[in-house]
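Q: Okay, here's what each chain looks like letter by letter:
4 protein chains.
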Amino acid sequence: MKHIVFLIKCPDHKGILADISSYFANKGFNILQCNQHTDTIANRYFMRLTLDGTDLKTSRRALESDFIKFAAERQLDWSVHYSDNKPKVCLMVSKTSHCLYDLLERHNENELHCEIPLIISNHPTLEYIADQFKVPFFCLPVENGNKAEQEQKVLDLLKKHHIELVILARYMQILSADFINAMPGHIINIHHAFLPAFEGGDPYSRAYERGVKMIGATAHYATAELDRGPIIEQDVERVSHQSTPDELKRIGKDIERIVLSRAVKYHLENRIIIASNRTVIFK
Amino acid sequence: MKHIVFLIKCPDHKGILADISSYFANKGFNILQCNQHTDTIANRYFMRLTLDGTDLKTSRRALESDFIKFAAERQLDWSVHYSDNKPKVCLMVSKTSHCLYDLLERHNENELHCEIPLIISNHPTLEYIADQFKVPFFCLPVENGNKAEQEQKVLDLLKKHHIELVILARYMQILSADFINAMPGHIINIHHAFLPAFEGGDPYSRAYERGVKMIGATAHYATAELDRGPIIEQDVERVSHQSTPDELKRIGKDIERIVLSRAVKYHLENRIIIASNRTVIFK
Amino acid sequence: MKHIVFLIKCPDHKGILADISSYFANKGFNILQCNQHTDTIANRYFMRLTLDGTDLKTSRRALESDFIKFAAERQLDWSVHYSDNKPKVCLMVSKTSHCLYDLLERHNENELHCEIPLIISNHPTLEYIADQFKVPFFCLPVENGNKAEQEQKVLDLLKKHHIELVILARYMQILSADFINAMPGHIINIHHAFLPAFEGGDPYSRAYERGVKMIGATAHYATAELDRGPIIEQDVERVSHQSTPDELKRIGKDIERIVLSRAVKYHLENRIIIASNRTVIFK
Amino acid sequence: MKHIVFLIKCPDHKGILADISSYFANKGFNILQCNQHTDTIANRYFMRLTLDGTDLKTSRRALESDFIKFAAERQLDWSVHYSDNKPKVCLMVSKTSHCLYDLLERHNENELHCEIPLIISNHPTLEYIADQFKVPFFCLPVENGNKAEQEQKVLDLLKKHHIELVILARYMQILSADFINAMPGHIINIHHAFLPAFEGGDPYSRAYERGVKMIGATAHYATAELDRGPIIEQDVERVSHQSTPDELKRIGKDIERIVLSRAVKYHLENRIIIASNRTVIFK
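Chains as they are written, first to last, in my numbering: chain L, 1 to 283; chain R, 1 to 283; chain U, 1 to 283; chain C, 1 to 283.
Please note that the accuracy of each hint is not assured.
In silico DSSO-like cross-links for lysine-lysine, where the CA-CA straight-line distance does not exceed 30 Å [unchecked claim]:
(1) L:Lys95 / U:Lys134
(2) L:Lys283 / C:Lys2
(3) R:Lys14 / U:Lys2
(4) L:Lys14 / C:Lys69
(5) R:Lys265 / C:Lys27
(6) U:Lys69 / R:Lys283
(7) U:Lys69 / L:Lys249
(8) R:Lys57 / U:Lys14
(9) C:Lys69 / R:Lys265
(10) C:Lys283 / R:Lys95
(11) L:Lys9 / C:Lys69
(12) R:Lys2 / U:Lys9
(13) L:Lys14 / C:Lys249
(14) U:Lys265 / R:Lys27
(15) L:Lys249 / U:Lys14
(16) U:Lys283 / L:Lys134
(17) U:Lys283 / L:Lys249
(18) R:Lys283 / U:Lys134
Stretch by stretch, here's where chain L covers chain U in the computed footprint (C-beta under 8 Å, at least three residues) [said to hold, decoys possible]:
(19) 105-111
(20) 157-164
Because the hints were derived from the structure by calculation, they are not lab data. Built from N, CA and C at the ideal position, the CB exists for glycine as well.
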C-alpha cells in the first residue's frame with residue numbers, strides 16, 4: 001500500500017498541527033503531504049494528512065484503534081483511507097450520454113481510482129454505451145407511482161455491490177430524502193447551471209430567457225433539498241446572443257463533463273471535507 | 001468624421017440584407033463593417049452597419065430624413081451615431097472607489113469615447129478622486145425621506161450637462177422607476193454577483209454562505225425591476241474554501257472593474273441593441 | 001437540403017457586400033446568415049454566406065457555373081458547401097487515447113457533421129477503441145526507414161475512402177511535406193502546448209522546467225513547417241508548482257480534447273477561411 | 001504585530017513537519033497557517049509558516065538567533081517577515097501608464113502592503129500621474145551611452161530610500177546583469193506575452209503575425225537572461241482574427257494590470273519561494 005490519507009475536522013485550537021504531526025512522526029510515519037485550513041469564522045480546523053503507507057508496521061485495525069483514543073481526547077471528527085482500496089462506484093443515468101461516456105472513458109484511461117461494477121438507469125436508452133464498455137446495466141423505470149419501490153430496488157443493488165459512491169450523471173429523477181439520507185455525503189450530482197442560479201428544471205431555457213452571457217455547471221453532494229447541497233466544483237463558458245437554448249445545451253455539455261469529472265476525482269482522492277453546507281477541498 | 005454607425009432592428013424577412021446594403025451602396029457609401037443577427041425564435045433581425053463617414057455628401061439631416069422613409073416602409077426601428085459626437089457620461093458612486101478609479105483612468109488613457117463632465121455621489125467620500133482627475137463632483141445625500149427630491153436634483157444635473165449615459169459605478173441606492181424610466185436603456189449598473197444568482201444586497205456574504213466555487217459580476221441596463229435588466233456583460237473568477245467574505249469582496253473588485261468597463265465600451269461604441277430583456281452585442 | 005454555405009475571400013473594395021448579397025437576393029435566395037471580415041492591414045475581404053437551401057431552384061452545377069463568372073470578374077476566391085454532404089474524415093492516432101475517444105463519442109452524439117469511415121494508426125494499441133465504436137482500424141507501423149512507403153499506404157487509404165479531412169488526434173509521427181501538400185488545409189493537428197511556446201517534442205516536460213503557471217493546447221492546420229501552420233483554436237488551464245510533468249500531461253488532456261473538438265467542429269461547419277498563415281473563423 | 005511569516009526551503013526528509021511545527025509550538029506560538037510543498041523530483045521541501053505575532057515573548061533578535069541554530073542543524077534556507085514591516089517599493093516606468101495607474105490605485109485602496117516612496121522613469125511622460133497620487137517622481141533618461149551611469153543613479157536612489165522591491169511596470173529598458181544582481185529576487189517585471197512565447201520586443205505584433213487565438217502576460221523575477229526569470233503569474237485573454245495589433249495591445253493592457261498586481265501581492269504577502277528557476281507560491 002502506497003498511501004494512507006487521514007481527513008480530520010475539529011474545533012480549532014493552539015498547537016493542533018504540532019500535536020497531530022508529532023503523533024504520526026512518533027509512530028514512525030513519513031508525512032508525505034499535509035494540507036490544512038482554518039475556518040476563522042466558524043473557528044474550525046480541517047486537515048488532510050497523507051502518510052507513507054510503507055511505514056505502517058502494525059495492522060490497520062491497530063492503527064485505527066490507537067488513533068480513536070487520540071482523536072476522542074481532541075474532539076477530532078475523522079476518517080482514514082488506504083490507497084489499495086478502490087471504492088466501488090455506481091453511475092446513475094437517464095437518456096443523456098455525455099457524462100456517462102466521459103466517466104467511463106476516464107475510468108478506462110485510469111484517471112479515476114475506483115471500480116464501476118454497475119450502471120443504473122430509469123430508461124433503456126444508454127444500454128449500448130454500457131455494453132461498449134462492458135459494464136452491467138440495470139434498467140429500473142420510474143412509473144405509475146412506483147418511485148419508492150424503484151428507489152428500494154436501487155438501494156438493494158447498491159448494497160449488494162458494496163457501493164461507496166453514487167454519481168448522478170444526468171439522472172433526471174428527483175431522489176427522495178430517504179434515499180439521499182441512506183448515503184449522506186456519498187451521492188454526487190451534476191446540475192446543468194451555475195448554482196444558485198437556475199435551481200430546478202430546464203436551466204438552459206431559463207438562462208436563454210434571462211439573456212446571460214455565460215452559462216455554467218455545478219457538481220454538488222445531493223441533499224434532501226434539491227440543488228442546495230454542498231458545492232464541490234463549478235465552471236462556466238462564455239455564450240452570446242447567438243446561442244439558442246439548443247446551442248446552450250450543447251455548450252453546457254462540455255462544462256458538465258469537466259465539472260463532474262473533477263468533482264468525482266476530488267472525492268475519490270479523498271480531497272474533500274464537508275463542512276456544514278460548504279466543502280473544503282485540498283487540491 | 002470617420003464613421004457613421006446605424007443600429008437597426010426589425011421583423012426578419014427575406015432579402016433584407018441586400019435591401020439595406022444596396023440602399024447605402026447606391027448612396028455612395030463604403031460599408032466598412034456589417035454585423036447581423038437573426039433571432040430565429042422571435043423572428044427578429046438585428047443589424048449594425050458602419051459606413052465610411054467621408055462618403056457623406058449631404059447634411060446629416062438629409063441623410064436621416066431620407067432614411068426615415070426607407071425605414072418606415074420596412075418597419076425598421078433604428079438609430080444613427082456619428083463618430084465625431086462624444087457622448088457625455090455621468091458617473092454615480094457612493095463610497096467604493098475601484099470602479100470610479102478604473103473608469104477615470106481608462107478615460108484618461110483614451111479608451112472610452114466619451115466626455116465625463118461630472119460625478120454624482122450620495123456621500124462625500126470619493127471627492128478626492130474626482131479632484132485627482134479634475135472632474136466636478138456633486139454630493140447629493142439621500143436622507144430623511146428626501147429621495148424623490150434628491151433624484152430630481154440628479155435629473156436636473158443630468159439635463160443641464162446633456163448627459164446621454166449614466167454609469168452606476170457602485171452607487172448604493174436603489175433608483176425609483178420614475179428615475180430609470182427617464183433614461184431607458186441609458187443607465188448601466190454593475191452588480192457584484194453573477195446574475196441571476198444573488199440579486200439584491202450583500203451578494204458576497206451570500207456567496208460565501210452558499211459555498212460557491214466561483215464568484216462573478218454583471219453589468220446590465222437598469223430597469224424598474226432591481227437587478228433584472230438586460231445583461232450586457234458578465235465574468236467570473238475562481239475562489240475556494242479559503243476565501244472569506246472579505247476576500248471575496250476583494251477578488252470581486254477586479255471582476256467588477258473589468259466587466260463594467262467592457263459594458264461601457266460596448267455601449268459607447270454603439271455595439272449594443274436591446275431586444276426585449278436581452279442584449280444583442282456586435283463585438 | 002437545408003443550407004448552402006459560400007466561403008469567399010478577395011481584395012477589399014467598395015460596394016462588395018451589396019454586390020454579393022444582391023446577387024443572391026436576385027436569384028431568390030434567403031440569406032440566413034452573413035458574416036464578414038475586412039483585414040484592413042492586408043486589404044482583404046472575407047465572407048461566409050449561408051443561404052436557405054430550399055431556395056435553390058436550379059441544379060447545383062448551374063448554381064456554381066453561374067457564380068464562377070460572377071466571381072471571376074471580382075477576383076473572388078471561393079468554395080461552396082451543401083449541408084447534405086457529410087464530409088468523410090479519417091482519424092490518425094498512435095498510443096494516446098483521449099482525443100480519439102472524445103471525437104468518436106462526439107460523433108456518436110451527432111455533434112460532428114461527418115462520417116468516420118476509418119482510423120489509421122502506426123501502433124496497434126488503440127484498436128480496442130475502434131472496435132468499441134465499430135470503426136475500421138488500420139495499423140500501418142513506421143519502421144526501418146519505411147516512412148515514405150507507409151505514407152503512401154496512408155494516402156492510398158485516404159483516396160480510397162474519399163477522405164476530405166484528416167485529424168491528427170495525437171499521431172506521434174512527423175508527416176513529410178509531400179504528404180501534407182497532398183491535402184493542403186485539410187489536415188488538422190493538435191499540439192499539446194500553447195503555440196508558439198514549446199513547438200516540437202515533449203512540451204509538458206519543457207513547460208515544467210520553465211515553471212509556467214498555465215499550460216495550453218493548440219489546434220492548427222498542418223503545414224510543411226512543424227507546428228507552424230495556421231492556428232484554429234487554443235485554450236489554457238491554470239497549473240501550479242505542485243503540478244509534476246505527469247500531472248501537466250493529465251491536465252493537458254482535457255484541454256487537448258476540447259481544443260481539437262472545437263477546431264474540427266469549425267472546419268466541418270465551414271466556418272474557417274485560411275488567410276496566409278492565419279485563420280478567419282466565423283463563429 | 002499580528003503575524004510572523006517564516007519561509008523555509010531545505011532538502012526533504014522524514015519528520016520535518018513535526019520537527020518544525022513542534023519547535024514553534026514548544027516556544028508557545030500558535031501556528032495560524034502552515035503551507036508545504038514537497039518537490040518530489042528535486043527532493044526539496046518548502047514551507048510557509050504563519051505564527052501569531054502576539055505570541056512573541058522575546059525580542060525579534062532573540063527569536064531569530066535561536067532559530068539560526070535550529071536551522072543550521074537541518075540545512076534550512078529561510079527568511080522571516082514581520083507584518084508590521086511595510087516594505088518600501090520603487091516603481092519604474094517609461095511612457096505606458098496603465099500598470100502605473102493600477103498599482104497606485106491599489107495602493108491607495110490598501111490592497112498592497114507596502115510604501116511607495118518614489119517612481120523612477122527614463123521619460124518625463126508619466127510625471128502627471130505621480131503628481132496625481134503625490135508620489136515623488138525621478139526622471140533619469142538613458143541616452144548617449146550613459147546607461148551604466150543612469151543605472152548607478154537608480155541604484156543610489158534605491159539605496160537611499162531603503163527599497164526592498166523594484167517593480168518594472170512597463171519599464172522599456174533592458175537592465176544590465178550588474179543591476180539585476182544587485183537585487184536578486186527583488187525585481188518583478190511584467191512581460192506583455194505568455195512566456196516563453198514571444199520573449200523580447202514587440203510581442204503583440206508577433207502574436208498578430210502568428211495568428212494566435214489568445215494573448216497573455218507574464219510577471220516574473222528579472223534575471224540576467226532577458227524574459228527568462230522565474231515566472232510568478234500568467235494569464236490570457238481570448239482574441240480573434242478581428243484583433244489588429246493595436247487591439248491586441250489594448251486587450252493586453254488589462255491582462256498586464258491584473259497579472260502584475262497579483263504577482264506583487266504574492267511577493268508582498270511573502271507567499272513566494274524561488275526554487276532554482278521556478279516559483280513555489282502558497283496562495
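Q: Against the earlier hints, flag every one the structure doesn't satisfy and list their numbers going up.
A: Those not satisfied are hints 5, 6, 7, 9, 11, 13, 14, 15, 16, 18 and 20.
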